[in-house]
Structures are given as structure tokens and as C-alpha cells.
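Peer 1: Chains A and B supply the protein sequences, listed in that same order.
Going by the numbering used here, the first residue of the first sequence is number 453, and it counts up by one from there.
Going by the numbering used here, the first residue of the second sequence is number 211, and it counts up by one from there.
Keep in mind that the hints were calculated from the coordinates and are not lab data.
Note that this is a predicted model, so its numbers are computed, not measured.
Be aware that one or more of the hints could be misleading.
Stated by the list, open to error - Straight-line Cα separation of at most 16 angstroms, EDC-like style, residue types lysine to aspartate or glutamate; simulated pairs:
| # | chain 1 | residue 1 | chain 2 | residue 2 |
| --- | --- | --- | --- | --- |
| 1 | A | K616 | A | E575 |
| 2 | A | K677 | A | D688 |
| 3 | A | K595 | A | D523 |
| 4 | B | K316 | A | D688 |
| 5 | A | K595 | A | D688 |
| 6 | A | K488 | B | D311 |
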Amino acid sequence: MRAAPEIVYTIILAAIFFVLLVTVIIVTVWRYYSRKRAHEMEVIQFGQTLLETRLEIQEHTFRAISEELHDNLGQVLSLAKLQLNTANINNPIQAQEKVNGAIDLVGQAIYSIRDLAKTMHSESITRVGLTGALETEARLIEKIGMLQPVFQVSGTPVPLDDNKTLIVFRIVQEALHNVVKHANATLVEMKVDFSKDQVRVTVRDNGSGFHSNGNNDGSGLRNMKDRAKIIGAEFDLQSVEDKGTTIILTIPSI
Amino acid sequence: MGVTLGVELWADWCHSEQQPFLWLYNVFVIIEYSLLCWYFIGVTTRAVIRRFIGWSIPVFAVISIVVSFQLYNFRDFPGQNINIEGMLITVLCVSVLFNLDSRLYKNITRHPDFWICCGWLVFYAGTFFSNGLLTYLMNQHLDYAQKVFEILNRPLNLILYSCLIVGLICALLRK
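Take the sequences, apply the hints, and build the full model.
Peer 2: So this is what it looks like as C-alpha cells:
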């Protein structure tokens, strides 16, 4: 008996539909696991970047402590020692002056040590938050005395994830380091704008600027861009020769 | 599932009281589609797809009401409405399956959306087949039509509800 055309069409259509169904399920499983692998790679890369960031912050902290010990504390304590060594106990008035001078210098040293204790390391950055850490960084720049920092915060601060905070801080720290080292600037502005779903950090200087076409960026700049990408942030650099450089980092807060 | 059970019990009660009950399915098909869309909007991350799903609810509701009036006058079983719903749900399931969030579960078989979408896909694949076969059998062998429909429909429902239950268990295990 020949099958009626309707039943043949039904069976053919059903077969096509089931083949499509099986294909959809196979493609789904394949896509799921490829995306999972890609995500796992991203997680590994993020972990590596975070570790690098922590190490760099640690290195920066050690360098800052070492410079402070050498340039400030060492000098102040040497001077205090000199004052005490030259104090003549047979001349009580002069001796009293020298001791008073030494007391002042030791007081300065204690103040410097307290300041040094506030130097930013990874735990303190996550504890004080992004704005607190950047404010301290601005104070440190002011202390160097080479350029005038301006720090502004607008909007209601939204706490960022600890890892994001560390990476953002490190990007800004690298940007500030570049300003201090290469920009010949007299002013550096740091601005943090909090909005509903994003945080925008701007670092602007009035220095010499440079010509960037994206291809010949130094490793510092590449690192900043890569790190921004890893936390899902947008990195925008605008530089005009003799007018300065502006870096805008837009971080999604969700 | 609760709404489905409620409608089935209501229809059964109407049937036993010899009251018309097929109008219930004409209304239920819109409610079912809306609830499924609501679920799919919740699990879809892409804004474009979410918008598409959102807009498809009123569009389907209007089409379904027109078809029910024109073809069935709210008195017969809404076969065409279910076919349209099936096609839309199939598209939505494929889209959800292709965009499953792989970060949440180590294994795809632990993903509730995988089971839920697979269940609906298998169900509608079988429904299209059984509807086509039923049309042919009704014309040729009316006696067998009902029997064949039951033979095909029962396992399809079993597969659908088993998948939905597995999906529910997966979702509960994650919590």
C-alpha cells in the first residue's frame, strides 16, 4: 500500500524537526563548554593580573618607605644626633638649646614615621576604599613638592569590589607615576565621579603631553589598558603635545 | 505548572458537569505564553532579546484572540493558537539555550534553563508531529486518531514535566 502524501510530508517534516532539535542541543552543549573554557581562562588571567598588581603596589610601597627613610627620617635623626653630640654640658644654656632642638627633630621624625605608616599597601587600599587611597596618593605627591595635586570627588560614593579597587588604584598610581616622571607638569587633577552604574576616574595634567597612536605605547600604558579591560572598564587616553594628558577610566560598578 | 494543573482540574470539572470547557484552553494558551515569556525574560541577559520577548506577549495575545474568534469562536480546542505559541516558544528556547550563562554551573546538566528549554523543545517538536499526524488520521482512520494522539501525547507530557521537575531540582540545589 502506498503511503498518502500527507503522512510522508509529516514524517519528513518531523524527521527534519528532530534533526534540528538534536543539532540545537549539540550546538548548545558545544557553545556552553567553549564559553566556560574562555571564562576559566579569563579568571586565570584576572588572578595573574591581581597578583601582579599586588606585587607592584608592594614594590611601590617599599620604594616610598625606602625613599622616606633615606631622604627624610635619616637626615632628621642624623641632625638630632649631631645636636646632642655637640651639646656642651658645661654650658647649660647652650646644652638646653641643643637638647630642645634635638627634641624638635625627634618630634618631626615621629611625625614622619606616623605618615610612613599610612603609606598605601593592598590591605589599606581595600580598607579605606578608592577615594581614601587616591586622597592619600594626592597627599604624597604634594609632599614631593614637584607639582600641585587637585583631588575632587562628585556623586555618592559607591563601594567597588576589592579586586577592582586594587586594579583601579594601580592604574591611577601608574598614571600619576608617569606624570611625575615624564610629564614636566605643574598641576595634576584627579577626579572621581560616582554615578548610578559607573565610576569615572579622570587624571589630567598640564604637562608636555605626547603623541600616541596606540601602536607604539610603552609597556606602562599597555599594562594600564590591559588591566582596564580585565575589570571591564573603558580606558580613554587623550594627549596633546605641550597641553597635557588626560586619562579617563570608566568602571562599571555593578 | 500550578496554573496548568488548575486549568486541567477546572476543565475536568466542567466536563463532568457537562458544561463547555474548551474556551478555557483558548484563554489558558495566552496565560501560559505570558508566564513562559516572563520566565524567559528573567533568564535572558541580552537586552535586545528581552525586548523582543516583552513585545511578543501583547502581539501573541492579540493574534491568539483573533484566531480564537475567527476559527473556534472560543468553543473548540485552540490547535492553531498552540501551533503559533509552539513556534514562538521554540525560537525563545533556542535563543536561551545559545546564551546560557556558563559561569554559574560547572556542568550543563546542572543548569535549570537547559532542562526547561530542552523539555519545551522536545514537547513542541513532538506536538508538531502529532498534530500533523492527527490531521492525516482524522481524514483516513478516525478510530485510530484518538488512540495515536494519546500514545504520542502522553510520553511528550511526561518528558516535558520530567524536564521541568529536573530543572526545578537543579534551581533548588543551587539555592
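Peer 1: Look at each hint and say if it fits the structure.
Peer 2: Quick rundown of the hints versus the structure:
1. Annotation: proposed proximity of K616(A) to E575(A) holds, straight-line Cα distance about 13 angstroms (limit 16 angstroms).
2. This hinted pair checks out: K677(A) and D688(A) have alpha carbons roughly 9 angstroms apart, not beyond 16 angstroms.
3. For the hint linking K595(A) to D523(A), the alpha-carbon distance of about 12 angstroms falls within 16 angstroms, and the restraint holds.
4. Straight-line distance between C-alpha atoms of K316(B) and D688(A) comes to about 36 angstroms, which puts the hinted pair past the 16 angstroms bound.
5. At most 16 angstroms may separate the alpha-carbon atoms for a hinted pair to count; K595(A) and D688(A) exceed this at roughly 28 angstroms.
6. Of the supplied pair hints, the one linking K488(A) and D311(B) holds, its CA atoms being roughly 9 angstroms apart against a limit of 16 angstroms.
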